[in-house]
Structures are given as C-alpha cells and as structure tokens.
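Given next are the chains, with one letter for each unit.
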Amino acid sequence: NAGVTQTPKFRILKIGQSMTLQCTQDMNHNYMYWYRQDPGMGLKLIYYSVGAGITDKGEVPNGYNVSRSTTEDFPLRLELAAPSQTSVYFCASIHAAGGQIKQFFGPGTRLTVL
Amino acid sequence: KNQVEQSPQSLIILEGKNCTLQCNYTVSPFSNLRWYKQDTGRGPVSLTIMTFSENTKSNGRYTATLDADTKQSSLHITASQLSDSASYICVVSAQPGSARQLTFGSGTQLTVLP
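First to last, the protein sequences are chains A and B. At position 107 of the first sequence the residue is numbered 107 (this note's numbering), and the sequence of numbers has no breaks. Going from the second sequence to this note's numbering is simple: count from 1 and add 114.
Extracted from the complex, chain B is given alone in its bound form (with noise of 0.2 Å):
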C-alpha cells in the first residue's frame, strides 16, 4: 500500500530559526514529490515539486531535497517568519498526471512564534 508519512507532527520554533521538515514515502513506481503549504482556512499552495533526477530544488527560504534511494525528502525553511505559521503537506505521485495515484501525507503543523 502506497504510504507518504511526515514528521514531526507538529513543530513550534522562533521567528528567525531554521527548521527542517521530514517525509518518508513508500509509494511506487515514484514519479515525483511535492512539497504543499496550507494555510489554516485555505487550499493547499505547491512549494516545490521534484521528479526522480532531482536532488535538491528551492524557492525562495524553502528548500527541499529527495533521496530517491531511501524514499525520503525534506523540507528546510530558512530564517523562519511568523507567516510560515502552516500545514506543511508532502505529496508523492506514482504516475505522472494521474491524479488517483496521489499519495498525500498528513502534514507537519508548523508554528512561529515572535
């Protein structure tokens, strides 16, 4: 069974801290990973997305990383601010444009705190 589990389940840190978020997949055939933001109240917003080639891709203080060997990605958030208060949500599809092999994680509930 296609498995996308993230962690921490929650995590509070300081404004201005760096943060790393975790995701572990056991989805396969792996097509690509992406990294959502969500905003209490509101629709996921994509990051980032990477395919199997990718190792590492970044926007802005966002940075995520795949190891397709180990199943694993990460999320790391630079100089945190208090409007990266969200749900963090790893998504793992098994094929490219099929919507049904979407695998989505529970998600990391980010704080920031001032």
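Isolated chain A, as found in the complex (with noise of 0.2 Å):
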C-alpha cells in the first residue's frame, strides 16, 4: 500500500488565488481528516470525513471548502486564499476495527500565502 499520500509538496499563492490539496488513501479507510499544523502549535482539526458522501466541520473549518465522492479521496479546498492560511497541512486517515484505531498521516503540503 501506498498509504496516505499528499499533493503537492510545496505551494506558494497570492492572496484571493485559489488551490486544492489533493489527498490520497489506498487502505479502505472509511475516516479521513484534514488538519494544519502552525509553527510551535498542535495539529488543528480542519475537516473530516466518516465515509463516502459525509464530510463535517472540525475545530478550524472557515475558508475551506472538502468533498468526499470516493473512499480513496479526500480533497481541501481553498477559494480565497489569505496569509493566516500559511501553514503545514496533513491529511490522514483511519483504521478502526476490533476495539483496534490506528491513524496514518500523509507527508503535509507546505503552503505559504504571500
């Protein structure tokens, strides 16, 4: 398996351009989860999804935008990108089963808003 894989790595915007960060699982995971990561700061709960058609709104959801059409893919969107929305983004997902959770992030997409 491939796991959780991200793209792009790196991306550098201008305020009011839009992106989506793509988001990847080949595990059957049915959770995903889209969080950003500032520096010296924990990792935010931006969005989530528990399935296919289901997505909800996480601890920091204002100015983004996901979808959840397929089990494998996840995508972030921005539409109006600001420089408060510089920061690491991680898309992980989960395995839950048997009393059993295991969480999986991807490698992060670097975003600088400038």
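Everything labelled a hint here was simulated from the structure, so no lab data went into it. There could be a bad hint or two in this list.
[Unchecked claim] Taking lysine-lysine and the DSSO-like style, the derived pairs with C-alpha atoms no more than 27 Å apart in a straight line are:
1. B/Lys171 with A/Lys102
2. B/Lys115 with B/Lys185
3. A/Lys44 with A/Lys9
4. B/Lys131 with B/Lys171
5. A/Lys44 with A/Lys14
6. A/Lys44 with B/Lys185
7. B/Lys115 with A/Lys102
8. A/Lys57 with A/Lys44
9. A/Lys57 with B/Lys115
10. A/Lys9 with A/Lys57
11. A/Lys14 with A/Lys57
12. B/Lys185 with B/Lys171
13. A/Lys57 with A/Lys102
14. B/Lys115 with A/Lys44
15. A/Lys102 with A/Lys9
16. A/Lys102 with B/Lys185
17. A/Lys44 with A/Lys102
[What the hints assert, rightly or not] Negatives, chain A to chain B, calculated, CB over 12 Å:
18. Asn1
19. Lys14
20. Ile15
21. Asp26
22. Asn65
23. Ser69
24. Val113
[Said to hold, decoys possible] What follows is a set of in silico ranges between Cβ atoms, one per label pair, in the way DEER data are often shown:
25. A/Ser18 with B/Gln186: 40 to 46 Å
26. B/Gln186 with A/Met41: 18 to 24 Å
27. B/Val159 with A/Glu72: 18 to 24 Å
28. A/Ile15 with B/Thr192: 47 to 53 Å
29. B/Leu125 with A/Met41: 14 to 20 Å
30. A/Asp38 with B/Val159: 19 to 25 Å
31. A/Ile15 with B/Asp183: 47 to 53 Å
32. B/Thr192 with A/Gln22: 38 to 44 Å
33. A/Lys14 with B/Ile127: 41 to 47 Å
34. B/Glu168 with A/Gly16: 48 to 54 Å
Every value quoted in this text rests on a predicted model; they were computed, and no experiment measured them. Heads up, the beta-carbon is just placed ideally off N, CA and C, and yes, glycines get one too.
Make the complex out of the two chains shown on their own, each in a separate frame, by following the hints.
Have a look at this one:
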C-alpha cells in the first residue's frame, strides 16, 4: 500500500487565489481528516469525513471546503487564500476495527500565502 | 476546554543517553492517549496508543506510561540515537473512533547530538 499520499508538497499562493490540496489513501479507510499545523502549535482539525458522501466541520473550518465523492479521495479546497492560511497541511486516515484504532498521516503540504 | 500540555518544549541530549517527555491532559471523558514521532518535513507516525486500563506500553526503545488518575503520561526513550531527533506529539482522544475529539499537544522538540 502507498498509504496516505498528498500533493503538492509545496505551494506558494497570492492573496485571493484558490487551490485544491489533494489527499488519497489506498487502505480503504472510511475515516479521513484534514489538519493544519502552525509553527510551535499542535495540529488543528479542519474537516473530517466518516465515509464517502459524508463530511463535517472540525475545529477551524473557516476558509476551507471539502468533498468526499469516493472512499479514496478527500480534497481540501481553499477558495480565497489569505496569509492566515499559511501553514503545513496534513491529511490522515483512520482504521478502526475490533477496538483497535490506527491513524495514518500523509507527508504534508507546505502552503505559503503572500 | 480539553487541553494537552507537553513539557519540555525542547530538549537536547547526547547520543546514548535516556530522556523522558511529559504530557498532561484535561480531556474528558478519556478514551485513549497516543504518542507520535514527527520527523522534520514529515507527517506524524504513531509510536504507542494506550487506553484507560493500560499503564505502560513499549515499542522498541520507546516506553510510554499512563496515569489516568493524575491525567499524566510520559514517553521514555532509552539509549537515544541520532535518528530520534524529532518532534514528539501527545494526542488524547475523548471518544473512541471520533476524530473530532482528538486533542493534540504542541509537541516536544528533541535533538540528539553525537
């Protein structure tokens, strides 16, 4: 399995531009998540999904949108980029079965908004 | 408000030495606690996960302890190696399988010097 993959690895945006961060997992996990990690801070949950067609807001959803049309893909959309969205974005998925929970993280996307 | 506090914020040790990282939490109701290792520029990787009934769990040179009464956890690293240099993140879950209830600590940055 490739695990959780994210693209791009790096991106620089101008204020007001839009972009989509891609996330794909090939482990058939139902639960997928988007986090942002600011320097010296813990990960903050942006959006999550418990299955295809189902998404919900996390702790810091403003300025972002998501969709989950398939089990494998969970893209994160920024419509009007702002400097406050400069951060490292991590996608993750969870395998939960038989009382065992394992969370897998992607390598991250480093986004700078100027 | 659910919170996870880690100490120290940063730590520098010599190769071969042992060290202990601390995690205090106020998350309630408690479900499980995880320790992650995050290398620079990479996503977090799970080291250990402990439920309420577990006091200690080992993964190679990493040993995590949990005191659910005092709401404290520690991660002990034995015979440190240069590759242990990373950020170590404590994550506490309030509900099993619910990402919305995950609370992340800001991490301890460990540097192992030769």
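Going down the list of hints, with the structure as the test:
Between the alpha carbons of lysine 171 of chain B and lysine 102 of chain A the distance comes to roughly 15 Å, so the proposed pair stays at or under 27 Å and holds. For the suggested pair lysine 115 of chain B and lysine 185 of chain B, the alpha carbons sit about 15 Å apart, so the restraint of at most 27 Å is met. A C-alpha spacing of about 19 Å is found between lysine 44 of chain A and lysine 9 of chain A, which places the hinted pair at or below 27 Å, so the restraint holds. The straight-line distance between the Cα atoms of lysine 131 of chain B and lysine 171 of chain B is roughly 20 Å, inside the 27 Å bound, and the hint therefore holds.
Restraint check for lysine 44 of chain A and lysine 14 of chain A: satisfied, since their Cα atoms lie roughly 23 Å apart, inside the 27 Å limit. For the suggested pair lysine 44 of chain A and lysine 185 of chain B, the alpha carbons sit about 22 Å apart, so the restraint of at most 27 Å is met. With a C-alpha separation of about 25 Å, the suggested pair lysine 115 of chain B and lysine 102 of chain A falls inside the 27 Å cut-off, and the hint holds. Straight-line distance between C-alpha atoms of lysine 57 of chain A and lysine 44 of chain A comes to about 12 Å, which keeps the hinted pair within the 27 Å bound.
For the given pair, lysine 57 of chain A sits about 18 Å from lysine 115 of chain B by alpha-carbon distance, which is consistent with the 27 Å threshold. In summary, the hint linking lysine 9 of chain A to lysine 57 of chain A is supported, as the alpha carbons are separated by about 24 Å, within the 27 Å threshold. Restraint check for lysine 14 of chain A and lysine 57 of chain A: satisfied, since their Cα atoms lie roughly 25 Å apart, inside the 27 Å limit. Annotation: proposed proximity of lysine 185 of chain B to lysine 171 of chain B holds, straight-line Cα distance about 16 Å (limit 27 Å).
Note on lysine 57 of chain A and lysine 102 of chain A: the hinted pairing holds, with a Cα-Cα distance of about 21 Å set against a maximum of 27 Å. A distance of roughly 14 Å separates the Cα atoms of lysine 115 of chain B and lysine 44 of chain A; the hinted pair therefore holds under the 27 Å criterion. Straight-line distance between C-alpha atoms of lysine 102 of chain A and lysine 9 of chain A comes to about 24 Å, which keeps the hinted pair within the 27 Å bound. As the CA atoms of lysine 102 of chain A and lysine 185 of chain B are separated by approximately 22 Å, the hinted pair is consistent with the 27 Å bound.
The straight-line distance between the Cα atoms of lysine 44 of chain A and lysine 102 of chain A is roughly 18 Å, inside the 27 Å bound, and the hint therefore holds. Asparagine 1 of chain A, annotated as away from the interface, keeps every beta carbon of chain B farther than 12 Å; the closest lies near 15 Å. Here lysine 14 of chain A stays apart from chain B, with its beta-carbon at least about 24 Å from theirs, past the 12 Å limit. Annotated as non-interface, isoleucine 15 of chain A keeps its C-beta farther than 12 Å from every C-beta of chain B; the closest such distance is 25 Å.
Distance check for aspartate 26 of chain A against chain B: the nearest CB is about 16 Å away, which clears 12 Å, and the non-interface claim stands. With 12 Å as the threshold on Cβ separation, the claim that asparagine 65 of chain A sits away from chain B holds: the shortest Cβ distance comes to roughly 17 Å. Separation of serine 69 of chain A from chain B is adequate, the least Cβ-Cβ distance of about 19 Å exceeding the 12 Å criterion. Taking the minimum C-beta to C-beta distance to chain B, about 19 Å, the non-interface status of valine 113 of chain A holds against the 12 Å cut.
A beta carbon spacing of about 44 Å between serine 18 of chain A and glutamine 186 of chain B agrees with the range 40 to 46 Å that was offered as a hint. Between glutamine 186 of chain B and methionine 41 of chain A the CB atoms are about 22 Å apart, so this pair conforms to the stated range of 18 to 24 Å. Between valine 159 of chain B and glutamate 72 of chain A the CB atoms are about 21 Å apart, so this pair conforms to the stated range of 18 to 24 Å. Distance hint check for isoleucine 15 of chain A and threonine 192 of chain B: the Cβ-Cβ separation is about 48 Å, which falls inside the suggested range of 47 to 53 Å.
At about 18 Å, the CB distance of leucine 125 of chain B to methionine 41 of chain A agrees with the hint of 14 to 20 Å. Under the hint 19 to 25 Å, the C-beta atoms of aspartate 38 of chain A and valine 159 of chain B, about 20 Å apart, fit the expected range. Range check, isoleucine 15 of chain A to aspartate 183 of chain B: about 50 Å between beta-carbon atoms, so the 47 to 53 Å window is met. Checked against the hint of 38 to 44 Å, the C-beta distance between threonine 192 of chain B and glutamine 22 of chain A comes to roughly 39 Å, which is consistent with it.
Taking 41 to 47 Å as the suggested C-beta distance range, the pair lysine 14 of chain A and isoleucine 127 of chain B conforms, at roughly 43 Å. At roughly 49 Å, the beta-carbon separation of glutamate 168 of chain B and glycine 16 of chain A lies within the given 48 to 54 Å, and the hint holds.
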